[in-house]
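Now that you have both chains on their own, put them together as the hints suggest.
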Amino acid sequence: MTSVAVAEHHLDVEPAESPLTPESWGKLGMWIFLAADAMSFGGLLASYGALRYGDPTWPRPSSILGIQLTALMTFLLVCSSVTMVEALAGIRHGNQAKLRRFLLLTMLGGAIFLSLQAYEWNKLIFHEGQSIRKNLFGATFFILTGFHGLHVFSGVVYLGAILVRALLGKYSAERNSEVEIAALYWHFVDLIWILVFTFVYLL
Amino acid sequence: MATQSAASSHLAEQAAQEERRYLQVFLWLAVLTAVEIGVIYLPLPHVEIAAMLVVLAATKASLVALFYMHLAYEKRTLAYIALTPLVLCVFLLFMLTPDLGAFTRLLTHRAPAASSGEAHPSE
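Going line by line, the protein sequences match chains A and B.
Heads up, our numbering is the position in the first sequence plus 202, with the first residue counted as 1.
Heads up, our numbering is the position in the second sequence plus 367, with the first residue counted as 1.
Looking at chain B on its own, in the form it has when it is part of the complex (with noise of 0.2 angstroms):
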C-alpha cells in the first residue's frame, strides 16, 4: 500500500517536473522569437545580423527537436537519422551556391531591376 502510494506520488511528481520543463521551453521559444525580431532593427551589418538570426533559428529548432519531439532521451539511432538532412542540405546549399548562385548573379547583371520590389521578372 505504502509502495503504491510513493509509486503514485513519484508519478505525480514526475508529471510536474515535465511540465515546468515544457513551459520553460515554450518561454525560450517565445523570448528568442522577440530577440530575432528586435535584431533585423539593430544598426550592423547584414551580415552580422544574418549570423545572429541563423544562431538564434537553430538554437530555437534544437530546443523543439530536443525537448519537444523528445530527441534529447530516445536513442542515437534517432538522431543520426534527425541530422542526415541537416548535413545534406548544408552540403546542397554549398553545392548551389556557386552554381545556380552565379547563374542567377549573371542573369541579374544583364538585366538589372527597375525596383527593389521587382527582382527580376521571369518572363
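Looking at chain A on its own, in the form it has when it is part of the complex (with noise of 0.2 angstroms):
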C-alpha cells in the first residue's frame, strides 16, 4: 500500500484524527468532560471538608456507617474497572465474545453497586434517622454519595448503548475508540469512588 492509500484508509478508519492526541478528538472529548466532572466532584469534596474542618462536633463516619458493606462496594467497583480493562482489551485483539462477556460483566458490577447503595441508603434513612436536611453530615453524605450514584447510574446505560453496538458488530481490532472513551468514563466513576469511600466513610 503506498503512503497515500494508507493515509486515506487511516482517514475511512478514523475520519476526526487529531494531532493533539494519537487517537481521537473523541478521547479529548471525553478526557475534558472528566476534567470538568472531576471539578463539579472536587468543589463537592472540598465543601465538605471545609465543613468537617470548621464543626468539631463533626461525628466520626464508622460510628454512624457500615464500613464493611461499603468496603464490599469498593471492591465490586474495582473489580467492575478490571472487567471493563478486559473488555476494550478482548476488542483490541478483535475478540467480540469478550468485549460483549466483559461488558455485561461491568455493566452487572454497576447495578450490584447501586442496589447496595439503595439499600445503605434506605438503612440510613429510614431505620437509623438520618436525612439530607437533618444535619451538614447527612447533607454533604447524600449529595456526594447520591451524585456519585447517578453518574454509576449513567455508566451503567451508556455501557448498555456500548453492549447494544457490540451486539451489533459495531467494533472490531481496528475499530474500537466508542468502547475505550466508556472505559474512560467507566475508570472516572472507580476513581472518584475511591476518593468518596476514603473522605466520607473512612476519615
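Misleading hints may appear alongside valid ones.
Claimed, not checked - Beta-carbon label-pair distances, calculated as ranges:
(1) B:Glu380 <-> A:Ile327: 47 to 55 angstroms
(2) A:Ile234 <-> B:Leu378: 26 to 34 angstroms
(3) B:Glu380 <-> A:Gly348: 18 to 26 angstroms
Honestly, the hints are just simulated from the structure, not real lab data.
All C-beta atoms, glycine included, are put in the ideal place defined by N, C-alpha and C.
This is the structure in C-alpha cells:
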C-alpha cells in the first residue's frame, strides 16, 4: 500500500484524527468532560472538607456508616474496572465474545453497586433517622454519594448502549475508540468512588 | 509466513503482559483498600490516620488513572488536562476552609449540638 493509500485508509477508519492525541477527538473530548466533572466532585469534596474542618461536633463517619458494606461496594467497583479493561483488551485483539461478556459483567457490577447503595440509603434514612436535612453530615453525605450514584447509573446506561452496538458488530480490532472512551468514563467513576470512600466513610 | 507468525506471537505476548499488569494493579487496589480499613482502627491521633488515608487514596486513584485509564502511555497533554482539576480543587479547599470553615465553627460554637450524631440542625 502506498503512503497515500495508507493515509486514505486511515482517514476512513478515524476521520477525526487529532494532532493533540494519537487516538481521536472523541477521547480528548471525554478527558475534557471528565476534568469538568472532576471539578464538580472536587467542589463538593472541598466544601465537605471545609465544613467538616469548621465543625468540631462532626460525628465520626464509622460510628454511623457501615464500613464493611461500603468496603464490599469499593471492591465491586474495582472489580468492574478490571472487567472493563478486559472488555477493551478483548476488542483490541478482535475478540467480540470477550468484549460482550466483559461489558455485561461490568454493567452487572455497576447494577449490584447501585442496589447496595439503595440498600444503604434505605437503612440510613428509614431505620437510623439520617436525612439530607438533619445536619451538615447528612447533607454532605447524601449529596456526595447521590451525585456519585447518578454517575454509576449513567455509566450503566452508557455501557448498555455500547453493548447494544457491540452486539450489532460495530466494533473491531481496528475500530474500538467508542469502547475506549466509555471505559475512560467508567474508570473515572471508580476513581471518584475511591476518593469518596476514603474522605466520607473512613476519614 | 514466518514474519506473520512472529508478529502474531508478539501480539499474544503483548496481550498476556497487559493482562498481567491489569491483574497486578487490581491486587494492589484490593490490598490498599484492606490497608485503609485497617488504618482507621490504629491507636493513633486522628491527624496521623487522616494523613495516611489521604496518601493511600491518592495512590489508589493514581493507579486507576495511570494504568486503567492509560494515562501512563498517553501524550502529556492529557495528563495536564487530568491534573488541572486536582490543582484547582486543592486551591478551592484552601480558599474555602478559612471562610466556610470559620463560619461553620462560629455557628457550632453558638449552638453546640446535643449529641455527636446530630452535629447541628439546619433549621
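Verification of the supplied hints:
| no. | hint | result |
| --- | --- | --- |
| 1 | B:Glu380 <-> A:Ile327: 47 to 55 angstroms | holds (52 angstroms) |
| 2 | A:Ile234 <-> B:Leu378: 26 to 34 angstroms | holds (32 angstroms) |
| 3 | B:Glu380 <-> A:Gly348: 18 to 26 angstroms | violated (45 angstroms) |
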